[in-house]
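From first to last, the protein sequence lines are chains A and B.
383 is the number that this note's numbering gives to position 32 of the first sequence; each next residue is one higher, with no gaps.
85 is the number that this note's numbering gives to position 79 of the second sequence; each next residue is one higher, with no gaps.
In case anyone wonders, no lab produced these hints; they're calculated from the structure.
Just to be clear, a hint being listed does not mean it is correct.
Interface residues of chain A toward chain B, partial, derived using beta-carbon atoms under 10 Å [as the list claims (entries may be wrong)]:
| hint | residue |
| --- | --- |
| 1 | V355 |
| 2 | C364 |
| 3 | T368 |
| 4 | K371 |
| 5 | F379 |
| 6 | Y387 |
| 7 | F390 |
| 8 | K392 |
| 9 | L397 |
| 10 | G457 |
| 11 | G459 |
No residue lacks a Cβ here, since even glycine has one placed at the ideal position from N, Cα and C.
One letter stands for each residue in the lines below.
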Amino acid sequence: GAVVSQHPSRVICKSGTSVKIECRSLDFQATTMFWYRQFPKQSLMLMATSNEGSKATYEQGVEKDKFLINHASLTLSTLTVTSAHPEDSSFYICSAWRGEDTQYFGPGTRLTVL
Amino acid sequence: GQQLNQSPQSMFIQEGEDVSMNCTSSSIFNTWLWYKQDPGEGPVLLIALYKAGELTSNGRLTAQFGITRKDSFLNISASIPSDVGIYFCAGRKAAGNKLTFGGGTRVLVKP
Chain A
352 GAVVSQHPSR
362 VICKSGTSVK
372 IECRSLDFQA
382 TTMFWYRQFP
392 KQSLMLMATS
402 NEGSKATYEQ
412 GVEKDKFLIN
422 HASLTLSTLT
432 VTSAHPEDSS
442 FYICSAWRGE
452 DTQYFGPGTR
462 LTVL
Chain B
7 GQQLNQSPQS
17 MFIQEGEDVS
27 MNCTSSSIFN
37 TWLWYKQDPG
47 EGPVLLIALY
57 KAGELTSNGR
67 LTAQFGITRK
77 DSFLNISASI
87 PSDVGIYFCA
97 GRKAAGNKLT
107 FGGGTRVLVK
117 P
């Protein structure tokens, strides 16, 4: 069964609004989670590393003030897309390492900004 | 960002055929993971490899961790229609816990 969940699975919002996406590890604790963005027919691109109890680490070119990450507990990380614009429309996927060896992905969240 | 070189980019399969794909890199990885992604869903882990030279099977899937630590391949034997999807390789280096992804191999069914 699924080991990482995401909510919501789909969201449509108006331009200028903010959207929060949740990522949960279901049967394990994750001190580190990852947020990816995937455009159609492309591979996954890492946006940021979410660290429990500390600030997220953002990849080059990713605006930390636009993509707010909060990792408040060992099983929950949230990504908030602030002041969303149509170009932020994408498939957002989170992941987490279970143990040291295996990284599992959530089912993804399809964001559409009108 | 850096990507692994994954090939082929796409391929058509006929039911019953064997399928092969591979990933190469100019740098060393200490873990290789293979994922399958169906449309509108997150990647699902197929096989994980941890040692150079390791050959691991999962049902009709077989993957190997290259001896140089710079490559890996995935084979699917006797393909079936549900094998259609996008397959990604991903590598993790010795230091750190980020994954680097290949560009994906899109497996399609021959009409």
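Could you check the structure against the hints above and give me the numbers of any it violates, in ascending order? Failing hints, ascending: 2, 3, 4, 5, 7.
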